[in-house]
Amino acid sequence: DGGITQSPKYLFRKEGQNVTLSCEQNLNHDAMYWYRQDPGQGLRLIYYSQIVNDFQKGDIAEGYSVSREKKESFPLTVTSAQKNPTAFYLCASSPTGDAYFLSPLHFGNGTRLTVT
Amino acid sequence: KNEVEQSPQNLTAQEGEFITINCSYSVGISALHWLQQHPGGGIVSLFMLSSGKKKHGRLIATINIQEKHSSLHITASHPRDSAVYICAPAEYNTDKLIFGTGTRLQVFP
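Just so you know, the protein sequences line up as chains A and B, in that order.
Using the numbering used here, the letters of the first sequence map in sequence onto residues 491 to 606.
Using the numbering used here, the letters of the second sequence map in sequence onto residues -16 to 92.
Next comes chain A alone, as it looks inside the complex:
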C-alpha cells in the first residue's frame, strides 16, 4: 500500500544539536509539506515543496531547513537556531503541483521531538 513514512516516531535530542526528521512517500505525489503542531494550536506550515529541487518557506521556517533531492523524500532538519523545537512534526503530501493546497492531503504518522 502507498503511504507516507515518518521516522522515527519519537526523537530525543540535547539542546544545541541539529536533528533531521525523515519523510518518505511512495504515492508519486509532486507536493510535500512539513507542519508543526503544538498543544492547543492549529498546525503551522514550516516548508513546502511543489517539485524536486525546489521548496518554499512556510509561516514558521526560521530555525528549520529542508531539501528535496528526490520526489519521494523531503527531510526536515531542526537546527540549533530553532528556539522552541520540542513539538509534534507532521509531513504531508498531495498529488498535484498546481493548486497543491486544493488537493486532498495525505499525512504521515508524525514524529514527536523532545529537546532538553
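Hints were generated in silico from the structure; no laboratory data involved.
Any given hint could turn out to be false.
What the hints assert, rightly or not - Straight-line C-alpha distance at most 25 Å; calculated DSS-like pairs for lysine-lysine:
{"#": "1", "chain 1": "A", "residue 1": "K547", "chain 2": "B", "residue 2": "K79"}
{"#": "2", "chain 1": "A", "residue 1": "K547", "chain 2": "A", "residue 2": "K573"}
{"#": "3", "chain 1": "B", "residue 1": "K51", "chain 2": "B", "residue 2": "K36"}
{"#": "4", "chain 1": "B", "residue 1": "K37", "chain 2": "B", "residue 2": "K79"}
{"#": "5", "chain 1": "B", "residue 1": "K79", "chain 2": "A", "residue 2": "K561"}
{"#": "6", "chain 1": "A", "residue 1": "K499", "chain 2": "A", "residue 2": "K561"}
{"#": "7", "chain 1": "B", "residue 1": "K79", "chain 2": "A", "residue 2": "K560"}
{"#": "8", "chain 1": "A", "residue 1": "K547", "chain 2": "A", "residue 2": "K560"}
{"#": "9", "chain 1": "A", "residue 1": "K573", "chain 2": "A", "residue 2": "K499"}
What the hints assert, rightly or not - Facing chain A, a subset of chain B residues (Cβ under 7 Å, in silico):
{"#": "10", "residue": "G24"}
{"#": "11", "residue": "I26"}
{"#": "12", "residue": "S28"}
{"#": "13", "residue": "F82"}
Said to hold, decoys possible - If the Cβ cut is set under 8 Å, some of the chain A residues that face chain B in the computed set are:
{"#": "14", "residue": "L535"}
{"#": "15", "residue": "F578"}
{"#": "16", "residue": "L580"}
{"#": "17", "residue": "F597"}
None of the values given here were measured: they were computed from a predicted structure.
C-beta atoms are modelled at their ideal positions from N, C-alpha and C, and glycine is treated no differently.
Please build the complex by placing chain B on the supplied structure of chain A, with the hints as guidance.
Same frame as chain A, but now just chain B:
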C-alpha cells in the same frame, strides 16, 4: 481573533448519537478541508469541499461560502469515531491552509 473557530472544543457522546461539529472562518477561501487526527497523532483527510455537501459513509460535510461556515456531521456515532476533528480552510489568495485547533470527540459505548 482566530481566523478559524471550531465549536465545540470538546464533545462527548453516547454511541449512536448524531454529532455536529461547526467551523467558522473569517477569510475568503477557495476550499475547505476536514481532517481527522487519531489519538496516536496520525491525520486522515476526510473531505475537501468548495460548495454544497459531501457524504462518505456516516460522515457528511457541508459548507456555506456566503456565511463562511462549514459543518461536519457524524450519523450513528461509534466509539471508533473518537478523535480530534480539524477544519482547515484554504485561503483564497494563497491557497494555503489555515488550521483550526480542532474538536476533540469522545464517543462512549
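Here is how each hint holds up against the structure:
| no. | hint | verdict |
| --- | --- | --- |
| 1 | K547(A) <-> K79(B) | holds (12 Å) |
| 2 | K547(A) <-> K573(A) | holds (17 Å) |
| 3 | K51(B) <-> K36(B) | holds (14 Å) |
| 4 | K37(B) <-> K79(B) | holds (22 Å) |
| 5 | K79(B) <-> K561(A) | holds (21 Å) |
| 6 | K499(A) <-> K561(A) | holds (22 Å) |
| 7 | K79(B) <-> K560(A) | holds (23 Å) |
| 8 | K547(A) <-> K560(A) | holds (18 Å) |
| 9 | K573(A) <-> K499(A) | holds (22 Å) |
| 10 | G24 | holds (4 Å) |
| 11 | I26 | holds (4 Å) |
| 12 | S28 | holds (5 Å) |
| 13 | F82 | holds (3 Å) |
| 14 | L535 | holds (7 Å) |
| 15 | F578 | holds (6 Å) |
| 16 | L580 | holds (6 Å) |
| 17 | F597 | holds (4 Å) |
Of the numbered hints listed earlier, not one is contradicted by the structure.
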